[in-house]
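K.L.:
First to last, the sequence lines map onto chains A and B. Once you know that position 102 of the first sequence is 102 in the UniProt record's numbering, the rest is easy, because the numbers rise by one and skip nothing. Once you know that position 163 of the second sequence is 163 in the UniProt record's numbering, the rest is easy, because the numbers rise by one and skip nothing.
Worth double-checking, as some hints may not be accurate.
[What the hints assert, rightly or not] Cross-link-like lysine-lysine pairs, in silico, DSS-like; alpha carbons within 30 Å at most:
1) 74(A) to 166(B)
2) 18(A) to 166(B)
3) 250(B) to 20(B)
4) 106(A) to 251(B)
5) 106(A) to 250(B)
6) 251(B) to 18(A)
7) 20(B) to 130(A)
8) 106(A) to 20(B)
9) 20(B) to 166(B)
10) 222(A) to 268(A)
11) 18(A) to 45(B)
12) 251(B) to 74(A)
13) 250(B) to 74(A)
These aren't lab readings, by the way, just hints derived from the structure by calculation.
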Amino acid sequence: MTSSAIAVSGLRKAYGDKAVLDGIDFEVAAGSVFSLLGPNGAGKTTTVNILTTLLTADAGTVRVAGHDLATATKQVRAAIGVTGQFAAVDDLLSGRENLQLMADLKRVRSGGQVVGGLLERFDLVESADKLASTYSGGMRRKLDLAMTLVGSPQIIFLDEPTTGLDPRSRRTMWSIVRELVAEGTTIFLTTQYLEEADQLADRIAVLDGGRLVAQGTSDELKRQIPGTHVRLRFTDAGELDAATRLLDGALRDDEELTLRVPSDGESKSLRALLDRLDEHTINAQEFSVHTPDLDDVFLALTGRTSEEAIAK
Amino acid sequence: MSTVSLPLADSAIMLRRNLKHTLRNPVTVFNAVLFPIVLMLMFVKVLGGGFDVGVAYIDYVTPGLLVMAISYGLGATATEVNSDMTTGVINRLKVMDVSRGAMLSGHVIITTVRALVACAAIIGVAFLMGFDPGASALDWLGVVGVLVLLGFAASWLTVAMGLSAKTVESAGMATVPLIMLPFLSSAFVPADTMGAGVRQFVEYQPFTPIIETLRGLLAGNPSGSDAIAAVAWCAAFAVLGYVWAVSTFKKRA
Numbered sequence: 001m002t003s004s005a006i007a008v009s010g011l012r013k014a015y016g017d018k019a020v021l022d023g024i025d026f027e028v029a030a031g032s033v034f035s036l037l038g039p040n041g042a043g044k045t046t047t048v049n050i051l052t053t054l055l056t057a058d059a060g061t062v063r064v065a066g067h068d069l070a071t072a073t074k075q076v077r078a079a080i081g082v083t084g085q086f087a088a089v090d091d092l093l094s095g096r097e098n099l100q101l102m103a104d105l106k107r108v109r110s111g112g113q114v115v116g117g118l119l120e121r122f123d124l125v126e127s128a129d130k131l132a133s134t135y136s137g138g139m140r141r142k143l144d145l146a147m148t149l150v151g152s153p154q155i156i157f158l159d160e161p162t163t164g165l166d167p168r169s170r171r172t173m174w175s176i177v178r179e180l181v182a183e184g185t186t187i188f189l190t191t192q193y194l195e196e197a198d199q200l201a202d203r204i205a206v207l208d209g210g211r212l213v214a215q216g217t218s219d220e221l222k223r224q225i226p227g228t229h230v231r232l233r234f235t236d237a238g239e240l241d242a243a244t245r246l247l248d249g250a251l252r253d254d255e256e257l258t259l260r261v262p263s264d265g266e267s268k269s270l271r272a273l274l275d276r277l278d279e280h281t282i283n284a285q286e287f288s289v290h291t292p293d294l295d296d297v298f299l300a301l302t303g304r305t306s307e308e309a310i311a312k
Numbered sequence: 001m002s003t004v005s006l007p008l009a010d011s012a013i014m015l016r017r018n019l020k021h022t023l024r025n026p027v028t029v030f031n032a033v034l035f036p037i038v039l040m041l042m043f044v045k046v047l048g049g050g051f052d053v054g055v056a057y058i059d060y061v062t063p064g065l066l067v068m069a070i071s072y073g074l075g076a077t078a079t080e081v082n083s084d085m086t087t088g089v090i091n092r093l094k095v096m097d098v099s100r101g102a103m104l105s106g107h108v109i110i111t112t113v114r115a116l117v118a119c120a121a122i123i124g125v126a127f128l129m130g131f132d133p134g135a136s137a138l139d140w141l142g143v144v145g146v147l148v149l150l151g152f153a154a155s156w157l158t159v160a161m162g163l164s165a166k167t168v169e170s171a172g173m174a175t176v177p178l179i180m181l182p183f184l185s186s187a188f189v190p191a192d193t194m195g196a197g198v199r200q201f202v203e204y205q206p207f208t209p210i211i212e213t214l215r216g217l218l219a220g221n222p223s224g225s226d227a228i229a230a231v232a233w234c235a236a237f238a239v240l241g242y243v244w245a246v247s248t249f250k251k252r253a
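If we strip away everything but chain B, and leave its shape as in the complex, we get:
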């Protein structure tokens, strides 16, 4: 077999395994898909009436909920990667000379796919709740692009966290900052309604430009500067996660 098709075939085999894991673990599915929808209902139906954001709240909040849906799915990946490490599954595969990339990319791909399914569910429920985006077909393509990029970048970072954590519990904890960051962003209310200090943090943290990019695309008036910042943050996450994951993977036996 050629040197290119071998890692690809390994990746496909590992992906099939991770897909089975996802389907057999109801908690993973709950965390990744149902929980963001529960949060969505809470924000829109319970809290949203009290927020004045200038537009219909469902139109304002959907982009933030998409990002939140992605970050909620990460905890499961970190614990799965870590249990592969601590139970010896990864060592077994290493000794078998399975392509190094395949063991990790299988997790990255399944996490990204899970994130996109969760996003599709959020968008579906949003439409049921009266979501009225002004996005053109091209804008929608942009939305999908940003979501894929964010899912991919966050997955690499999560895989790295899962690999370097000592225990399954601490692997789950490691992703908490990624889950908390969307709360401290412009996801639920605009940054300029927040107090000093918090506002500066919110304006400069990575999730805000990503959410604003999605918001612009969905409203039909994309913002170039937010988009550049969003892509730059995602690229930085992906590179950092990849380098960290690969070096940890090589070191730990």
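Chain A with its partners taken away, still in its complex shape:
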């Protein structure tokens, strides 16, 4: 096996004449976390469905765990685990029975032991024998992921694993992903949240309208997008002029009468900025600190906001 867990080249998929994936290429190193970042409708789930053998591609080659997706489907399936966008748990079975079903179908030896271990690891022991229909959203996602881990797959696909979860459950999910990586599992993750990709991924690819518009480490991507900045809004053009002369590297918008000043967002530098304005008796009507989010990435990479990308 090569060091690439997943290698994709020239991948295309269209429904009718609407191209969902318009020729994408990427590689995922074994044991790393790769994140596909993009708004709803960008083609993330289609990509996951193709890589996990649920859909066939129109063109392109894909190797997963060293096996060709088109000719060695069975071997690919044996190597992967998938957790889809909606918790695919069986409501009329208990947590334990759900896991046991997976162990039975995968013919896992000493399945009872594996199931017990997973229940413990995911903190589901207390509710193990209750029906999954009584579980909270966070518990369902955990059970869903635990089911995926039965049989220890080498490569795990997580399609928006934290969409709709509360912040605490999201953090739990993140720490589980980190543990899996520490054990040597390769993770392919899709997300709409830059922060999630930032926290977890070794490499990030930005998908927009079926094309990869950027790829790189989190730091490389951030260099391409406007960083944290302060936004000042003034009441008249005179004050905007004065402030622009005063602050180096600031970006002005004459229509909005605003000025965008790069900043690290820390209180010390914010105070320094305010002090300088004060010294020159310049008053900003509005003052706000912005940290980059997915919208900024989109704006920088595609010239559109993610909402526009969806509306397209």
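With chain A's structure known, arrange chain B on it following the hints.
P.N.:
This is chain B only, laid out in the frame that chain A set:
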């Protein structure tokens, strides 16, 4: 493991899961077993006295009620199959390389078993109400054979409907024609008592020969031509349902 035992073992695992579903879902049990019995009491005790069918009404109506019991159990299967599809359970199993047939045959077998339990309950209650069949042991075997065949055929059709429906609600609705057809058959009154138009429909629709075959077998004088039509209809349902189910199953991700 050999290529034959793998799908069989998968089927057994899936069947065990579907069995748990049935036992844990009182609505399924109600629809499949109790509701046909309620209908039976209504037809025999409330309405039956007003029908003149030439023989004791319980003897006339039991075959129709057996068919009705089978069709009432189908709604639950369609919604179960559809929720497997829409919640992602089927996708999860597909990715795990579970035998394709096992995922569907588990549903078909459990539906057939549920149908046979409902039929056994109907026959039991019929005896309590004075049912007096003239069937020989061989005729009874024929009755069981027809019921199994109909249950199996209708299950495949229902699984296909469940797979192709967009939502759980529309999956339930899709089986309504199968539930209505026994009402528009010779189940409750003979076809020749009906008005023109309706009568022709009743005579040529699939459930009438199936019910007449059961009626003949239970009375101890089976009719060959009805039996041939009944088997042909069931075989057609089964093949149509199977082909439709398998092709939908492959297409939808």
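K.L.:
To test your reading of the hints: which numbers does this structure violate?
P.N.:
11
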